[in-house]
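**Student:** Produce the complete structure using the sequences and hints provided.
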Amino acid sequence: MNEEIIIAGFGGQGVLSMGKILAYSGVMQDMEVSWMPSYGPEMRGGTANVTVILSDSRISSPILKKYDTAIILNQQSMDKFEKSIKPGGLLLYDGNGITRHPERTDINICRVDAAEEASKMNSSKTFNMIVLGAYLKLRPIVTMDNVMEGLKKSLPERHHHLLPLNRDAIVRGTEIVKSVHEVSAS
Amino acid sequence: MKGNEAIAEAAIRCGVDGYFGYPITPQSEIMETLMLLRPWETTGMVVLQAESEIASINMVYGGAGCGKKVMTTSSSPGVSLMQEGLTYLAGAELPCVVVNVVRGGPGLGTIQPAQSDYFQSTKGGGHGDYNLIVLAPSSVQEMADFVELAFDLAFKYRNPAMILTDGMIGQMMEKVEMKPFKPRWTNEEIEQLSPWSTTGKSAARERNIITSVELDPLAFETFNKKLQAKYRKMEQEEVRFETFECDDAEYLLVAYGSSARICQKSVQLLRAKGIKAGLLRPITLFPFPTKQIAELAGQVKGILSVELSAGQMVEDVRLAVNGKVKVEHYGRMGGMVHSPEEVVEALEKKIIGG
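As given, the protein sequences belong to chains F and X, one line each in that order.
Note that the numbering used here has the first sequence beginning at -7, numbered continuously upward.
Note that the numbering used here has the second sequence beginning at 8, numbered continuously upward.
Hint data in this document are derived by calculation from the structure and do not stem from the laboratory.
Computed from a predicted model, the values in this text were never measured in an experiment.
Hints are not guaranteed to be accurate.
Claimed, not checked - Taking beta-carbon pairs under 8 Å as the criterion, some of the chain X residues facing chain F (in silico): (1) I31; (2) G174; (3) M175; (4) Q178; (5) M180; (6) E181; (7) V183; (8) K186; (9) R268; (10) Q271; (11) Q275; (12) T297; (13) K298; (14) G341; (15) P347; (16) E348.
Positions of the beta carbon are idealized from the N, C-alpha and C atoms, including for glycine.
**Tutor:** Following this line, the structure appears as structure tokens:
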């Protein structure tokens, strides 16, 4: 197993922390992981992205040009990364604020309206966990138990009372994700 | 754990006595982590934010003169400020560890990763004939492991050692296994391990002087010869490198640190296309794996030196190859990072097709 993921959106959407939780979950499952953030000036008020790789074997380059999966959370990232998905790969996006929907036909496209769902749950901070849930429904590469362990690891202890809320958000994500376009498996 | 955090944690665990630093992106997490972990309450390690990089390196000089395990960390512009201190440390034969988390230059440059400080790091950097021991980690695990290794080598040779890394390895997170805690050296141990250090003169011995000044040219030439003998011994005994898919390689990539990680993927991509490529990764940049590259030059059809620079390490690769096969450089600059695919394309264009 080797899954190469880019998560991209606005700073403050929880892009980096979502990637971190995914990476920690992989560690809990004895996988090799790498987490490579954009740390440049674009982070300060602009777009943020992180490359996460989970693998059964030693990871080579932590910076990539082509991805198995792109999780896209704003229009700028759609413009930048839709073309970077490998044919047959997965594009998961939140429709909120998207003015140009994905156009490729050689990849699987799924949509999760996480921003809308997070406001229904009265907690905008659960947004990234809803997206993570949606992703894990589509690519169950780590188990729910390991995700919760990963979450525990990456959340400071003073926030541990929020674990059940995050769990609910992940479950909600698995429920509301929907397929927009599918390519037949070759 | 981030690469920068791994350096901080490893420093505490290997019994470092003092850290002196000044914040600069992309390495500020090192001092931040040390401040967060508060080692002065556990191991007694001093962590101090100096007023500048120049102050940091001179605090290192003072600590090292006392036989203590001391270090500083910075990024390119800050390390440039430290060059005077580094040549004095080399001239006074003082062991210490300096970490350079390189960013794009010249000038204040960018905060994004680069490998354009190779010349400065491996060819001395300050004035005079001297070399630093230079280690180039290419994973977060090595960021942790090389702190102790750098101190071991620094004390073995009484010479400053540098960990040359960049924003990519510093900022990325990977799994890392930490070594168990080692206690800091006691004063008795320091006197025994470093009898040259200024620990306070007893009646039983002559006073120790830490200095790099010698006004008698003949005596100073003799001292320079001693330094050079030390560097030649490093070249004999301390070369470290790793090879990847080199056994049957027809084309060779040479890359260190972050570039070596990217090139591993390039080798996989090239092999998938039926091109027999291999990678040699220098782990020590000084001493450089000259012999190993020369040997591989007899086996391959061409070599591409890959570095996030305009082409610095390529000069050492060419010296090693000595005209046997074609050697070219490829690399993005100024904080841009080449992708594995771009390296593949460069090899095909510059070496295979060229």
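**Student:** It remains to establish, for every hint, whether it holds in the given structure.
**Tutor:** Hint by hint, here is what the structure shows:
no.	hint	result
1	I31	violated (13 Å)
2	G174	holds (7 Å)
3	M175	holds (7 Å)
4	Q178	holds (5 Å)
5	M180	holds (4 Å)
6	E181	holds (5 Å)
7	V183	violated (10 Å)
8	K186	violated (18 Å)
9	R268	holds (5 Å)
10	Q271	holds (4 Å)
11	Q275	holds (6 Å)
12	T297	violated (26 Å)
13	K298	violated (26 Å)
14	G341	violated (12 Å)
15	P347	holds (5 Å)
16	E348	holds (5 Å)
Violated hints, listed in ascending order, are 1, 7, 8, 12, 13, 14; each of the other numbered hints is respected by the structure.
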